[in-house]
Each structure stands twice: as C-alpha cells, then as structure tokens.
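2 protein chains.
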Amino acid sequence: MERLPGFRDFYPEPLPSRDAGWSFDARQYVFDKWRETARRYGFREYDGPPLESLELFTTKSGDEIVGQLYNFTDKGDRAVALRPEMTPTLARMAAAHERNYKKPLKWFAVPQLFRYERQQKGRLREHFQFNADLIGETDPAADAELIALLIDTLRSFGLTEQDFVIRLSSRNAWHDFYQQGREGVSPSQKSDEYNFFQTIDKLERTAPEESEQKLAALGFSLAGVNRFIESGKPTAELQSILNNLAARGLHNFVKVDYHVIRGLAYYTGVVFEAFDAKGEFRAIAGGGRYDNLVKLVSGGKVDLPALGFGMGDVVLLELLKARGRLPKFDAVTDVFVLIEDEQLRSQSLKLVHELRAADFAVEYPLTPARPDKQFKRAQELKVGFTARVESDAYVRIRNLKTREEIVAGFADVANHLG
Amino acid sequence: MERLPGFRDFYPEPLPSRDAGWSFDARQYVFDKWRETARRYGFREYDGPPLESLELFTTKSGDEIVGQLYNFTDKGDRAVALRPEMTPTLARMAAAHERNYKKPLKWFAVPQLFRYERQQKGRLREHFQFNADLIGETDPAADAELIALLIDTLRSFGLTEQDFVIRLSSRNAWHDFYQQGREGVSPSQKSDEYNFFQTIDKLERTAPEESEQKLAALGFSLAGVNRFIESGKPTAELQSILNNLAARGLHNFVKVDYHVIRGLAYYTGVVFEAFDAKGEFRAIAGGGRYDNLVKLVSGGKVDLPALGFGMGDVVLLELLKARGRLPKFDAVTDVFVLIEDEQLRSQSLKLVHELRAADFAVEYPLTPARPDKQFKRAQELKVGFTARVESDAYVRIRNLKTREEIVAGFADVANHLG
Numbered sequence: 017m018e019r020l021p022g023f024r025d026f027y028p029e030p031l032p033s034r035d036a037g038w039s040f041d042a043r044q045y046v047f048d049k050w051r052e053t054a055r056r057y058g059f060r061e062y063d064g065p066p067l068e069s070l071e072l073f074t075t076k077s078g079d080e081i082v083g084q085l086y087n088f089t090d091k092g093d094r095a096v097a098l099r100p101e102m103t104p105t106l107a108r109m110a111a112a113h114e115r116n117y118k119k120p121l122k123w124f125a126v127p128q129l130f131r132y133e134r135q136q137k138g139r140l141r142e143h144f145q146f147n148a149d150l151i152g153e154t155d156p157a158a159d160a161e162l163i164a165l166l167i168d169t170l171r172s173f174g175l176t177e178q179d180f181v182i183r184l185s186s187r188n189a190w191h192d193f194y195q196q197g198r199e200g201v202s203p204s205q206k207s208d209e210y211n212f213f214q215t216i217d218k219l220e221r222t223a224p225e226e227s228e229q230k231l232a233a234l235g236f237s238l239a240g241v242n243r244f245i246e247s248g249k250p251t252a253e254l255q256s257i258l259n260n261l262a263a264r265g266l267h268n269f270v271k272v273d274y275h276v277i278r279g280l281a282y283y284t285g286v287v288f289e290a291f292d293a294k295g296e297f298r299a300i301a302g303g304g305r306y307d308n309l310v311k312l313v314s315g316g317k318v319d320l321p322a323l324g325f326g327m328g329d330v331v332l333l334e335l336l337k338a339r340g341r342l343p344k345f346d347a348v349t350d351v352f353v354l355i356e357d358e359q360l361r362s363q364s365l366k367l368v369h370e371l372r373a374a375d376f377a378v379e380y381p382l383t384p385a386r387p388d389k390q391f392k393r394a395q396e397l398k399v400g401f402t403a404r405v406e407s408d409a410y411v412r413i414r415n416l417k418t419r420e421e422i423v424a425g426f427a428d429v430a431n432h433l434g
Numbered sequence: 017m018e019r020l021p022g023f024r025d026f027y028p029e030p031l032p033s034r035d036a037g038w039s040f041d042a043r044q045y046v047f048d049k050w051r052e053t054a055r056r057y058g059f060r061e062y063d064g065p066p067l068e069s070l071e072l073f074t075t076k077s078g079d080e081i082v083g084q085l086y087n088f089t090d091k092g093d094r095a096v097a098l099r100p101e102m103t104p105t106l107a108r109m110a111a112a113h114e115r116n117y118k119k120p121l122k123w124f125a126v127p128q129l130f131r132y133e134r135q136q137k138g139r140l141r142e143h144f145q146f147n148a149d150l151i152g153e154t155d156p157a158a159d160a161e162l163i164a165l166l167i168d169t170l171r172s173f174g175l176t177e178q179d180f181v182i183r184l185s186s187r188n189a190w191h192d193f194y195q196q197g198r199e200g201v202s203p204s205q206k207s208d209e210y211n212f213f214q215t216i217d218k219l220e221r222t223a224p225e226e227s228e229q230k231l232a233a234l235g236f237s238l239a240g241v242n243r244f245i246e247s248g249k250p251t252a253e254l255q256s257i258l259n260n261l262a263a264r265g266l267h268n269f270v271k272v273d274y275h276v277i278r279g280l281a282y283y284t285g286v287v288f289e290a291f292d293a294k295g296e297f298r299a300i301a302g303g304g305r306y307d308n309l310v311k312l313v314s315g316g317k318v319d320l321p322a323l324g325f326g327m328g329d330v331v332l333l334e335l336l337k338a339r340g341r342l343p344k345f346d347a348v349t350d351v352f353v354l355i356e357d358e359q360l361r362s363q364s365l366k367l368v369h370e371l372r373a374a375d376f377a378v379e380y381p382l383t384p385a386r387p388d389k390q391f392k393r394a395q396e397l398k399v400g401f402t403a404r405v406e407s408d409a410y411v412r413i414r415n416l417k418t419r420e421e422i423v424a425g426f427a428d429v430a431n432h433l434g
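If you read the protein sequences in the order shown, they are chains W and A.
The number in our numbering is simply the position in the first sequence, starting from 1, with 16 added.
The number in our numbering is simply the position in the second sequence, starting from 1, with 16 added.
The set of hints was computed from the structure by calculation and includes no laboratory data.
Cβ atoms here follow ideal geometry from the backbone N, Cα and C, with glycine treated the same way.
One or more of the hints may lead you astray.
Under the rule of at most 25 Å between Cα atoms (straight-line distance), these lysine to any residue pairs were calculated in the SDA-like manner [claimed, not checked]:
#: 1; chain 1: W; residue 1: K311; chain 2: A; residue 2: D25
#: 2; chain 1: A; residue 1: K76; chain 2: A; residue 2: R278
#: 3; chain 1: W; residue 1: K398; chain 2: W; residue 2: P384
#: 4; chain 1: W; residue 1: K392; chain 2: W; residue 2: Y410
#: 5; chain 1: A; residue 1: K392; chain 2: W; residue 2: N116
#: 6; chain 1: A; residue 1: K271; chain 2: A; residue 2: T154
#: 7; chain 1: A; residue 1: K218; chain 2: A; residue 2: G285
#: 8; chain 1: W; residue 1: K366; chain 2: A; residue 2: D208
#: 9; chain 1: W; residue 1: K119; chain 2: A; residue 2: L416
#: 10; chain 1: W; residue 1: K118; chain 2: A; residue 2: D25
#: 11; chain 1: A; residue 1: K294; chain 2: A; residue 2: K118
#: 12; chain 1: A; residue 1: K344; chain 2: A; residue 2: E52
#: 13; chain 1: A; residue 1: K91; chain 2: W; residue 2: L312
#: 14; chain 1: A; residue 1: K118; chain 2: W; residue 2: Y410
#: 15; chain 1: W; residue 1: K118; chain 2: A; residue 2: L416
#: 16; chain 1: W; residue 1: K366; chain 2: A; residue 2: R419
#: 17; chain 1: A; residue 1: K76; chain 2: A; residue 2: K49
#: 18; chain 1: A; residue 1: K119; chain 2: W; residue 2: Y410
#: 19; chain 1: A; residue 1: K311; chain 2: W; residue 2: F23
#: 20; chain 1: W; residue 1: K366; chain 2: A; residue 2: T154
#: 21; chain 1: W; residue 1: K119; chain 2: A; residue 2: T402
#: 22; chain 1: W; residue 1: K230; chain 2: W; residue 2: R278
#: 23; chain 1: A; residue 1: K49; chain 2: W; residue 2: A374
#: 24; chain 1: A; residue 1: K119; chain 2: W; residue 2: N116
#: 25; chain 1: W; residue 1: K118; chain 2: A; residue 2: E18
#: 26; chain 1: A; residue 1: K218; chain 2: A; residue 2: F244
#: 27; chain 1: A; residue 1: K118; chain 2: W; residue 2: A347
#: 28; chain 1: W; residue 1: K311; chain 2: W; residue 2: A347
#: 29; chain 1: A; residue 1: K337; chain 2: W; residue 2: A373
#: 30; chain 1: A; residue 1: K271; chain 2: A; residue 2: I245
#: 31; chain 1: A; residue 1: K392; chain 2: A; residue 2: N415
#: 32; chain 1: W; residue 1: K344; chain 2: W; residue 2: E71
#: 33; chain 1: A; residue 1: K317; chain 2: W; residue 2: E18
#: 34; chain 1: A; residue 1: K91; chain 2: A; residue 2: L20
#: 35; chain 1: A; residue 1: K389; chain 2: W; residue 2: N116
#: 36; chain 1: A; residue 1: K218; chain 2: A; residue 2: T251
#: 37; chain 1: A; residue 1: K118; chain 2: W; residue 2: Q44
Which residues of chain A face chain W? A partial, calculated answer using Cβ under 7 Å [what the hints assert, rightly or not]:
#: 38; residue: F23
#: 39; residue: Y27
#: 40; residue: R55
Sequences are here, hints too, so could you generate the full structure?
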C-alpha cells in the first residue's frame, strides 16, 4: 500500500535512499530552531485542532478558498476542513480567551497545514509552518519586534545577510497612493482598491502590457506605479520600523520594496516577505498586519489589532541544503555496551540500564552476536564509547575517537564518558 | 465560531480558565519526556501523514473499523481516513525501506490520532500517542527492551512502583490453553480461537453468567479459565522477559496477569498493559507482539516480526495531575529590560537583542509605560532578573530573588545573569 499523493513520510537518519525526502531529524532540527528563537523572543506556543469547521476558513477568505481545501462533510453532517492556515484558529482562540491574558499576546505555533490542489509534480498537499503572531498592539514597535523575530529565526540556521533579505512594504502606503490617484474621481469602491492591490501583487509575474491595461481601467498608469515603487521612500510608519531594527543592528537584513503587497485580502498595514538573496526560491516567509481579522472571526465580539508571519518548512529546507547549512544528523548514540561473554549478560543489562538512567543514549546487542559484528555495529552508530563488563566489579571503556582504553569500577563508568 | 466537538485547543500557560483543558506547556512536557526516554533507549523518531488511504486501516482491522473512523472521499475520489492509530503507517513505511536499515529497527513517533465515535460527554475525537516499536527481532529480549522503555518512560515523570504496574501476559500461553482444552474436539477454527480471546478480553467487564455461557459454547468452563488466570504461572518466554527486567532492577514494576489479552485481532505473542496501581484510570499504555502485520500490510512482500506499544496523552496527564507529578510551567522569561527613560530606548533595544543572542529569553515594554507598571509586568512573568540601561556604557541589573543590585558594563551583562 502506498501513501497518498502530495504527502510525506519522515524516516529517521541515515536516510534509506535519495528519494526518501527529508528525514525526521532534518524536520526536527528546523522545529527546534523555530522554538528556540521564539522562546528567546518571549513568544509562547499554542496549538489548535487540525480539523475546523469550514465556515472558519470561508469567513476569513471567502467561498473561493473551498476549491483549494481538504474539506468534507463529517458523520455528524458538519462541513469541516483540514486547516490550510493557522491564523483563523489563532483568531478564534484569542477571541475566546483574550480577557484572561495580558496584551500584547506573543504566540506561536508549528502546525501541519493542508491544501487540496490539482496534483502537479512535486507539489505537496501538506507542509509545516512556523506561525508567529503578536496580538493587541497597534504601534509599529510590534511590527519591528515581529520582523526581528523573523530575521533572527533565519539567522539561527546560520543564514546571513548574504543569504536572505526582508522586503518590507505597507498597504497603508499603497492605500495613500491609491487615494491620491483617485482624487476628483467618483468615490472609490472597496472592491476597486482590492483589484488594484491584486494587480500590484502580480506586477512582477505579469507582462507589462497586461498590467498597463488593468491599471488604466482603474485610472492609473504603469509608469506612475513604477515611479512610486522605484522611489522606495519609507512612510513614517516604515521608517519607525527601520529605526527600531537598526537599534538592534538588523538594518542590513531589510529593504523597503513596494512590489510586496501580499495577495490575501485581510492585510491592513505593514506587509513583508523574506526571500533568498539570489532569488532562486519562492518566498521563505511572509506576513503583515491584519487588524480586522479577530473582529471578523469573533462575529464582532472582540476587536484586537494583530500581525503575524508564516514560514514553511519546504522552501527553508531547500535553501538550507543549497547553502550547505544543514548539519549532519548521525551521532545520537553515546555508548555501545559490548556483550562478548554471555555469562555477563545480566550484569551488562544492569550497566545499560544505569547508563541510560544517567542520561546516556545506550545500545547493546539484543541477542548473542560475534564480537567483531558488535564492534562494527558500534562504529556504524558512530558512538563515542564502547563499554564491556569484565567482571561484577569492572568495566573496560574505550574512547573510539582517541582509541584510549581504561578500566573503571562498575559504579564509576558514567564519569569516564565525558 | 466554535471548535469542533471532541477536539482540543492548547493554550499557553498561565491557563485562562479551569475549562481551558490542558495547556500547550503540559502537552510539551509530556512529549519532551517521551522523546528523552526514547533517545536514551536508542529509539529513533519518524512520522507519516495524518491522512492515509482507508484501505491501509481496513486491511489491518477489517471493515468494522470504518464505523469508528474519520473517513471520507477526497476530491480525487480516493477513500481516505485520518489515522486512528500509527501501526499501519509504521508497517507501510518499514516495508517500503526496511532493506536500507539495520535490524532491529527501534523507532518511535508522537502522532495525533483521530476517531469518529458517537459523541459522549468528555469523549475526545483526537489524542496524541507515544508509539514505540521494535521491528525485526523474534527473541523475547526485544520484548524486554520494549517493556523496559515503557517502564522508564513512566518513571521519567516521577511515577514509582507505588503508582503503576505493568500487567504482562501472552497470547501464546492462551493459545496453548485453548489447544489443550480443544484436544479431541474437531479441529479448531481460527475464528473460534479469536472468539475465545475476545471473551477472555472482556472477562473483567462482563457478568460471570454471561462469560460462563460464552465459554461453554466454545467448550470451556469459567472455573477452568479462572484457575489458569489465578495460577499466574509464567511461560518460559515470559520468564525470560522477567529475568531480563530483573537484571535491570525493574522486576517490581511487572506482574504476570493472564486477564490481559488485548482486544485487537493482530497480536501474536506477548501482550501487556500499564495501569495505575490504584485502578482509578483506564489503561495508561498497552502493546504487544504483532509478528504478521508487516507481511499483511506489504501484501506479503516483507515479512518481519515486530512489537510495540502506545501510550496516550489523556490518561497520562490525568494520572500525573492526580498524583501531583506535573511541574509548574510559569517561568520561561529570564530577563525583563526596563525602559524608564525613552531617550535610552535604542540602547535598550540593543541590550534586548544582545541578551537574546546570548540565549536568554527577554521581554521589554514594546511602547512607553510607567516604571511601576513595567516592574509589575516583570514580576508577573516571574523573570529572574531586570536590567535597566543607565547610560551608553552601564546597565543596572537586579536579581529578583535575592534583591541584589549591581551595575555592569554594557558588554558584560550576560555574565551577571547566572
């Protein structure tokens, strides 16, 4: 039996073959870095159900999202969906209990997310995402704190300013540009402004003639739009964020780039995306302000400003591999206890148990095996030490790196495995 | 909008209210202990998709399991199900790549599992489970290694032999009993033996008259069955496991108890369950040998003996709480940087950044706030230290436990946060 298309198995290292994908160890390495950086920044982890009511996602993104969802009707006749993103769940959870937490909330999660899209080669239907959000603060200081977290998360993998850049932009800047361009024209429709944003979002991936035409229909020229983008002049809000990041020494990781506007309808202010500096990969991460979403999801009951970003595991792992930033994952066993004399098996099991109790990762031959086979296994596992019980009282310890051997008292072995 | 019935949200500590369930911190505490103990035992982590083809689960458990599954037809017309258990995925993965790994495989996972059952009060439709399996070894030494892992996992939470017991049994012992009882009768049907096992499995939860009747129909007496159970005489296989555990000093955690036979059809040898010693909770964990499953799932291509156990998060957390074994989860922030003079905000942000780079979890006021409010927040967060920039060159550090204050050079702060 096969696994479903678009899903991944995560095998332990050493990986069985080239087509086995990423190992569990690589995935865990990424998760650990995400969690460590979030902890240093005072972000607290939460999680919600991978399955939610379909309505939670359509409320936020409209009915058109259903075509991309893993949705179905459950046995209780509920319209449900595997979560395609975490933000609606976060908004639901925050709205339900926000009174009991001090604001701002600094929360993060590492959910697995699901999308059912037409099957394309190598296109996944699930991925993991680092989701960090800051809820309850309108000041750009919050945006700076979140962007600093994004930068330091990527730096924690050994990536430098030569490897990635944060493209910083603002829906507010584009909103002002749009309003000025429409002065004297009939009052702008909200949907017109959204169409305008969508056209800007696709500018880099669309033929100039097509963009020109779309912009003209909205009363703008491509030349005017390009002049605004090329000016790259930060708004007061963006300047405040840049100054904040400069105080932390992180200014070289950020540049204002008004090409970025983010496709999703619900962003309301600052938006940003992280890209590899060579432009070889899709966006590593993206996010921004969504000040109206908590209100929307809570049916108007709770109104809290919010912002956040998401960073998927797939592009990140590809980038880390391409830049040689993935460590080797082989050495997890500390000690191999050799059992060459079966008379000493009980005593050897006792040693195994005591070393494990002392926090060492210990392996041993489950069944009788030739000494050379045992030693070969110890080498394959890349253990630091072998230990062999010589009598009730003594154990011979061998350091496989230095090839040093010593004999220690039974109760004293752990002290020699430094 | 509400979450689906039977699903849980995991909020960060401190929990917002009594009905908020278990915190993410409590869940992570459990996961960390599971992973730490597995590591010491040389078990390697893997994961598979939460969604699999329905056939994977019906092949193993028969069509009757479908009534309990979260199954549906996906947009590509595939019959799929959210995984109700991990073993079929493990068997699929092991069968696909077993040639590339040294046997025995010692693998574990921490999957979220799903069941759609008629809604009952407090009955969950998802839970997390520690799944540890050992594949490729028939010797009872493998059973002992796995049971030792189970015992040490529970001990890692501070539970002792006063708190739990492993009830050890064997399908082989019951098979022999069944064969002897059927001597002289017409050749036994496999389904008859399975009916017999099912009756034994339910013995403790069924009225004696009903068991008596069912056993009689199979040619057995309840008295005979009870005599066998009460004898509690270990088979050679069980004795070998007991001796192995005794060598590790773990004999007091195990007792032979032939009441245990495990409901699932696929167990083939040793079976066991972990219970709290007071008998207040459902089983904490259960497992055993399933030597035919890999062959079944691989369509006969790969034939490997295997055994494993599963330990859910729900009963375990209830037990830990009842026995006072859950730690407090409040102290995660190390330092609060006070910003009392806004002229020093940039310099303070620099300090925040440098302390975070030195691996401290650091908080600070995102926006201007009164000094007393800042200090109150630092106390709520239960930080060990506050730090206040006094000038470009100096920082005042206060140890909130000892109330000691010192002034350190800017670059020297981290050294004073010991």
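Review point. Should the hint that F23 (chain A) touches chain W count as held when the rule is a Cβ pair under 7 Å?
Key: Holds. Min distance 4 Å.
Check your understanding: Taken at face value, is the distance from the CA of T402 (chain A) to the CA of K119 (chain W) at most 25 Å?
Key -> Judged against 25 Å, a Cα distance of about 20 Å means the pair holds.
**Study point:** Hinted pair K119 (chain A) and N116 (chain W), Cα distance within 25 Å
**Key:** Distance of about 52 Å is beyond 25 Å: violated.
Practice item. Decide if the proposed pair is consistent with the structure: K392 (chain A) and N116 (chain W), CA atoms, cutoff 25 Å inclusive. Key: Distance ~17 Å between K392 (chain A) and N116 (chain W) Cα, so the pair holds.
**Study point:** Given hint D25 (chain A) paired with K311 (chain W) - CA-CA distance at most 25 Å
**Key:** holds (20 Å)
Review point. Does K344 (chain A) pair with E52 (chain A) here, judged by a C-alpha cut-off of 25 Å?
Key: Measuring from Cα to Cα gives roughly 19 Å; hence the hint holds.
Practice item. For the pair supplied as a hint, K366 (chain W) and T154 (chain A), confirm whether the alpha-carbon distance does not exceed 25 Å. Key: Distance of about 22 Å is within 25 Å: holds.
Review point. Between K119 (chain W) and L416 (chain A), does the CA-CA distance stay at or below 25 Å?
Key: Judged against 25 Å, a Cα distance of about 23 Å means the pair holds.
Review point. Does the alpha-carbon distance linking K118 (chain W) and D25 (chain A) stay inside the 25 Å limit?
Key: Roughly 19 Å separates the two Cα atoms, so the pair holds.
Practice item. Take a quick look at whether K337 (chain A) and A373 (chain W) sit within 25 Å of each other, Cα to Cα. Key: holds (24 Å)
Practice item. For the pair we were handed, K119 (chain A) and Y410 (chain W), check the Cα-Cα distance against 25 Å. Key: At roughly 30 Å apart (the allowed maximum being 25 Å), Y410 (chain W) and K119 (chain A) break the hint.
Review point. Given the hint that K389 (chain A) pairs with N116 (chain W), does the C-alpha gap stay at or below 25 Å?
Key: holds (18 Å)
When each numbered hint is compared with the structure, violations occur for hints 8, 11, 13, 14, 16, 17, 18, 24, 28, 32.
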